[in-house]
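Trainee: Listed in order, the protein sequences are those of chains A and B.
Position one of the first sequence corresponds to residue 2 (our numbering), numbered consecutively onward.
Position one of the second sequence corresponds to residue 2 (our numbering), numbered consecutively onward.
Simulated from the structure, these hints should not be mistaken for lab results.
Hints should not be assumed to be uniformly reliable.
Copies of the same chain look alike in the list, so a pair counts if it fits in one copy or across any two.
[Stated by the list, open to error] Subject to a maximum C-alpha distance of 27 Å in a straight line, what follows is the list of computed DSSO-like cross-link-like pairs (lysine-lysine): (1) Lys456 with Lys194; (2) Lys255 with Lys194; (3) Lys229 with Lys31; (4) Lys461 with Lys213.
2 protein chains.
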Amino acid sequence: MADAERKLTDGRTRIEFETDPSRYRHWKLKVDGDIATLLMDVDEKGALFEGYELKLNSYDLGVDIELADAIERLRFEHPQVRVILLRSGKPRVFCAGANIRMLAGSTHAHKVNFCKFTNETRNGLEDASAASDLKTICVINGTAAGGGYELALAADHIMLVDDGSSAVSLPELPLLAVLPGTGGLTRVTDKRKVRRDLADVFCTTEEGVKGKRAVDWRLVDEVVPGSKLDATVTQRAKEFAARSRRPADGKGIKLEPLKHTRTATGADYSTLSVAVADRLATVTLRGPEAPPPASADAMVEQGAQFWPLRLARELDNAILDLRVNELDTAAVIFKSSGDPEQVIAYDRFLDANRDHWLAREIRALWKRVLKRVDLTSRTLVALIEPGSCFAGTLAELVFATDRSYMLIGTLEGDNKPRATLALADVNFGTYPMSNGLSRLASRFLANPADLDRAKAEQGKMLDADTAAALGLVTFALDDIDWDDEVRVFLEERASFSPDGLTGLEANLRFGGPETMESKIFARLTAWQNWIFQRPNAVGDEGALRRYGSGQKPVYDTKRV
Amino acid sequence: MADAERKLTDGRTRIEFETDPSRYRHWKLKVDGDIATLLMDVDEKGALFEGYELKLNSYDLGVDIELADAIERLRFEHPQVRVILLRSGKPRVFCAGANIRMLAGSTHAHKVNFCKFTNETRNGLEDASAASDLKTICVINGTAAGGGYELALAADHIMLVDDGSSAVSLPELPLLAVLPGTGGLTRVTDKRKVRRDLADVFCTTEEGVKGKRAVDWRLVDEVVPGSKLDATVTQRAKEFAARSRRPADGKGIKLEPLKHTRTATGADYSTLSVAVADRLATVTLRGPEAPPPASADAMVEQGAQFWPLRLARELDNAILDLRVNELDTAAVIFKSSGDPEQVIAYDRFLDANRDHWLAREIRALWKRVLKRVDLTSRTLVALIEPGSCFAGTLAELVFATDRSYMLIGTLEGDNKPRATLALADVNFGTYPMSNGLSRLASRFLANPADLDRAKAEQGKMLDADTAAALGLVTFALDDIDWDDEVRVFLEERASFSPDGLTGLEANLRFGGPETMESKIFARLTAWQNWIFQRPNAVGDEGALRRYGSGQKPVYDTKRV
Numbered sequence: 002m003a004d005a006e007r008k009l010t011d012g013r014t015r016i017e018f019e020t021d022p023s024r025y026r027h028w029k030l031k032v033d034g035d036i037a038t039l040l041m042d043v044d045e046k047g048a049l050f051e052g053y054e055l056k057l058n059s060y061d062l063g064v065d066i067e068l069a070d071a072i073e074r075l076r077f078e079h080p081q082v083r084v085i086l087l088r089s090g091k092p093r094v095f096c097a098g099a100n101i102r103m104l105a106g107s108t109h110a111h112k113v114n115f116c117k118f119t120n121e122t123r124n125g126l127e128d129a130s131a132a133s134d135l136k137t138i139c140v141i142n143g144t145a146a147g148g149g150y151e152l153a154l155a156a157d158h159i160m161l162v163d164d165g166s167s168a169v170s171l172p173e174l175p176l177l178a179v180l181p182g183t184g185g186l187t188r189v190t191d192k193r194k195v196r197r198d199l200a201d202v203f204c205t206t207e208e209g210v211k212g213k214r215a216v217d218w219r220l221v222d223e224v225v226p227g228s229k230l231d232a233t234v235t236q237r238a239k240e241f242a243a244r245s246r247r248p249a250d251g252k253g254i255k256l257e258p259l260k261h262t263r264t265a266t267g268a269d270y271s272t273l274s275v276a277v278a279d280r281l282a283t284v285t286l287r288g289p290e291a292p293p294p295a296s297a298d299a300m301v302e303q304g305a306q307f308w309p310l311r312l313a314r315e316l317d318n319a320i321l322d323l324r325v326n327e328l329d330t331a332a333v334i335f336k337s338s339g340d341p342e343q344v345i346a347y348d349r350f351l352d353a354n355r356d357h358w359l360a361r362e363i364r365a366l367w368k369r370v371l372k373r374v375d376l377t378s379r380t381l382v383a384l385i386e387p388g389s390c391f392a393g394t395l396a397e398l399v400f401a402t403d404r405s406y407m408l409i410g411t412l413e414g415d416n417k418p419r420a421t422l423a424l425a426d427v428n429f430g431t432y433p434m435s436n437g438l439s440r441l442a443s444r445f446l447a448n449p450a451d452l453d454r455a456k457a458e459q460g461k462m463l464d465a466d467t468a469a470a471l472g473l474v475t476f477a478l479d480d481i482d483w484d485d486e487v488r489v490f491l492e493e494r495a496s497f498s499p500d501g502l503t504g505l506e507a508n509l510r511f512g513g514p515e516t517m518e519s520k521i522f523a524r525l526t527a528w529q530n531w532i533f534q535r536p537n538a539v540g541d542e543g544a545l546r547r548y549g550s551g552q553k554p555v556y557d558t559k560r561v
Numbered sequence: 002m003a004d005a006e007r008k009l010t011d012g013r014t015r016i017e018f019e020t021d022p023s024r025y026r027h028w029k030l031k032v033d034g035d036i037a038t039l040l041m042d043v044d045e046k047g048a049l050f051e052g053y054e055l056k057l058n059s060y061d062l063g064v065d066i067e068l069a070d071a072i073e074r075l076r077f078e079h080p081q082v083r084v085i086l087l088r089s090g091k092p093r094v095f096c097a098g099a100n101i102r103m104l105a106g107s108t109h110a111h112k113v114n115f116c117k118f119t120n121e122t123r124n125g126l127e128d129a130s131a132a133s134d135l136k137t138i139c140v141i142n143g144t145a146a147g148g149g150y151e152l153a154l155a156a157d158h159i160m161l162v163d164d165g166s167s168a169v170s171l172p173e174l175p176l177l178a179v180l181p182g183t184g185g186l187t188r189v190t191d192k193r194k195v196r197r198d199l200a201d202v203f204c205t206t207e208e209g210v211k212g213k214r215a216v217d218w219r220l221v222d223e224v225v226p227g228s229k230l231d232a233t234v235t236q237r238a239k240e241f242a243a244r245s246r247r248p249a250d251g252k253g254i255k256l257e258p259l260k261h262t263r264t265a266t267g268a269d270y271s272t273l274s275v276a277v278a279d280r281l282a283t284v285t286l287r288g289p290e291a292p293p294p295a296s297a298d299a300m301v302e303q304g305a306q307f308w309p310l311r312l313a314r315e316l317d318n319a320i321l322d323l324r325v326n327e328l329d330t331a332a333v334i335f336k337s338s339g340d341p342e343q344v345i346a347y348d349r350f351l352d353a354n355r356d357h358w359l360a361r362e363i364r365a366l367w368k369r370v371l372k373r374v375d376l377t378s379r380t381l382v383a384l385i386e387p388g389s390c391f392a393g394t395l396a397e398l399v400f401a402t403d404r405s406y407m408l409i410g411t412l413e414g415d416n417k418p419r420a421t422l423a424l425a426d427v428n429f430g431t432y433p434m435s436n437g438l439s440r441l442a443s444r445f446l447a448n449p450a451d452l453d454r455a456k457a458e459q460g461k462m463l464d465a466d467t468a469a470a471l472g473l474v475t476f477a478l479d480d481i482d483w484d485d486e487v488r489v490f491l492e493e494r495a496s497f498s499p500d501g502l503t504g505l506e507a508n509l510r511f512g513g514p515e516t517m518e519s520k521i522f523a524r525l526t527a528w529q530n531w532i533f534q535r536p537n538a539v540g541d542e543g544a545l546r547r548y549g550s551g552q553k554p555v556y557d558t559k560r561v
């Protein structure tokens, strides 16, 4: 069940991540040639939970789910779009950030899940820029406060109206005793590269910074007089569009609604099933039913039914659902069934068409979905059994797990083909983790020669002993040990402290370098999660609870 | 006052960081030519707080204060020592890690301060290796559990006895629901580069790993049969000593006791004063009373009285004292008084003698002290006033602060020379932060040209307007605004949530790259601090409280 002190609105019992523009309540998406306008116009009455209104373009998870959907649709449905204009549909306010009453009334788990998703959405905007040359220009005509400015920070270019009142601010600390935790602090220091002492002044000044100072301090890219705003926005959009290498002739595909039904124990999708029992969620992925299409045109023809795209979207939805609706789950267990040669065939097809816009978008989507898996705070396990198809892109899930178990040979009385694991080109750089390295490079930090050794085995169907010898799986077990070993491990895992595991996995999964993105999820998020536990923020006398009550917060003055 | 639910032993009211080998209760330091042995032999009855005993070579802050002291003395008093043998004085146990009953009974603030200091001590061992070629070989003859193995991880070489029972382990998560948070997880992934899934198995296996598997998994460097232990240790020590470039003829200096007295409002040291009032601690540093000595030999002759060394040691002590004994302090304000030309003269003297072992050690000590300042969870402020001497090494403190205020010209009715700031070679790489960059490079991430511009001004006495134009200070104010602006800022700062500021500053201070060291203080520590707030660890039914009680912990099974 969804975890929040507040009740979901409209009688919902689960948080749903699927939507489409016809159902948007908070955003208006308008496409005009190579320019799209994403207008934020939050419906005050459209909150996800009961008990608060979304005033002043403030947002909750429901608002962000629509934004995430809109960005995906621009990438797949409108490949000709080169520039997103991110604007507000309200006068005098761009966005007031995350809704404070929502935050004050949410459980700790919901706050953390909410921030994680909004972070992923903002990273998604940056990924659209980096991977697809789809640029975002943010136009701030009014105030962009807190999460509102953090959203702007994800854009490639920030324009601020110079009218004496429009301003950008990160007032979380002075007003609420929490951090600008949706990437704000990290993007200020590492993306905008604001000098640290000026950043200190900025982040402790409720009213924020406006006009020329906002440019001087690198907080925005330009200030524009109100009278020249429309002309300047049009001009900037044209400039950015002219520099983009997005295909002018890309014919979009329709992201049709996912086909999924809830079952007694989980959910069935067209390419995977989820079964939840005993605090374990088993996600069984199914390989393709047919060989890849004959051509890129045929792939476009298949559109959202094209197997790699369908699976990526369904997996993404399943993971998000588990994250926020199945909080009691200790582990996510990945299994698969199908023909590994067919999985490899699809990877080869996408390799061969790597310059086609749709192949590129599908690969970039897989990259994001796999990052979402990396950042899911559940123990991740792969069980590689007879009849499975962990090859190429699907093998990447094995490398995303905390541990993998592979069966040697076959199971008695079972005629499925023996378990294999197969590598493809796609496992060596196509899907970087947030630390910038491929999962195999992260795995073999100690000795790059191990990576070369694995590379040499590309395309082969590796049996369990070989996979273990190559260091690709944690344990290779024969059928005598299999059931007991796996059962004991899962039972033990479920007996550990869920918080301890969250912290452990957040450390062990991300060895090696850090990037701006990984810093957001490590340094910034971990500190914010700490603050989200501290009485100075969330206690009865804390700032988050007392905001708007007319009463001042009372702080324990001890520094920790 | 020291913050801990428990009372300090022996009637102490403050935690003292100064000690010397004649007062050690837990360590034996033996020097034999170029090999030193650091024998951990913890006195069960020698706990820092009442209410627990330090069984099985477990440690508390008091034990670590002695270790930190011993490492410093080896660097300054025994420059001929090339290898530290880190061993246990107890049979069958190397070290059981941080004392669990101490942790269970400590306040959150004490837990955090304790972990920070132990982290700094382990970093100190690694700094001895990197900066001074003083190598540590850890000999594990028995069990090294939790913090015991984390201590070993700081060594250059780990030897484990192969006797069927000696093992290394990180049982924090299964036993206590907390993390191996003193660098353990980060050193496992980033220093030892243990494969992430094997690290997962290791960190969830109470009994740990022993014998050949410990080598195969990269957890130790070698296993040695008990019968060959002494001979092998002697041989390894010789090999490491032979490779070290530490001077064979270095004549050590004596680290005499610091001269300091507590005053009604703080403390007086020979080179600085601390005054605490209104939740603000003002640290006023005094420049040298005399020019630098004529030669390196004369510097050795001055020994611990040599001004840069004296100031570094006193500043380190003052900062540590503020951290753990003045928890209510919102900000540390750095002021200085003296002749900036003299400060620069000392920096030039150390530059000229950069190859002398003592000059090298003093510079390395300053590097560590400045890092300690960076990691101090108080707002750091520099006030650059007439008569101050923020030049060279002392200017580095200005760049360590969150904000700096500089007075333009002089104050009315005051005949002190106008405020100046002066850069020296030492500000451009001698004192890297934990992110690997100099403070000025971190400051000017946006535009390296700003760094070059500052470099060109080396040696000049810069006035406030120039310093502000160069981006070296936050605000340049004239005497009309000075008092009010500074007062309002400090009052406002003290009104903010202390936790919010801790998180904000931990983010804004460390823009740019991350290193293993900075990851320990960011990703790992921040998660550990979060866990130290979670009921699953610290609640009445949590693992830390219930450990040893015979009762199993009860966990909230929700993953966050």
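Trainee: When no copy is named, should Lys461 and Lys213 be tagged within, between, both, or neither for a Cα gap of at most 27 Å?
Mentor: neither (60 Å within a copy, 31 Å between copies)
Trainee: With identical chains treated as interchangeable, where does the CA-CA distance between Lys229 and Lys31 reach 27 Å or less: within a copy, between copies, both, or neither?
Mentor: within (22 Å within a copy, 77 Å between copies)
Trainee: Reference check for the pair Lys255 and Lys194, CA-CA at most 27 Å: within, between, both, or neither?
Mentor: neither (39 Å within a copy, 45 Å between copies)
Trainee: Using 27 Å as the alpha-carbon threshold, which applies to Lys456 and Lys194: within, between, both, or neither?
Mentor: between (38 Å within a copy, 20 Å between copies)
When each numbered hint is compared with the structure, violations occur for hints 2 and 4.
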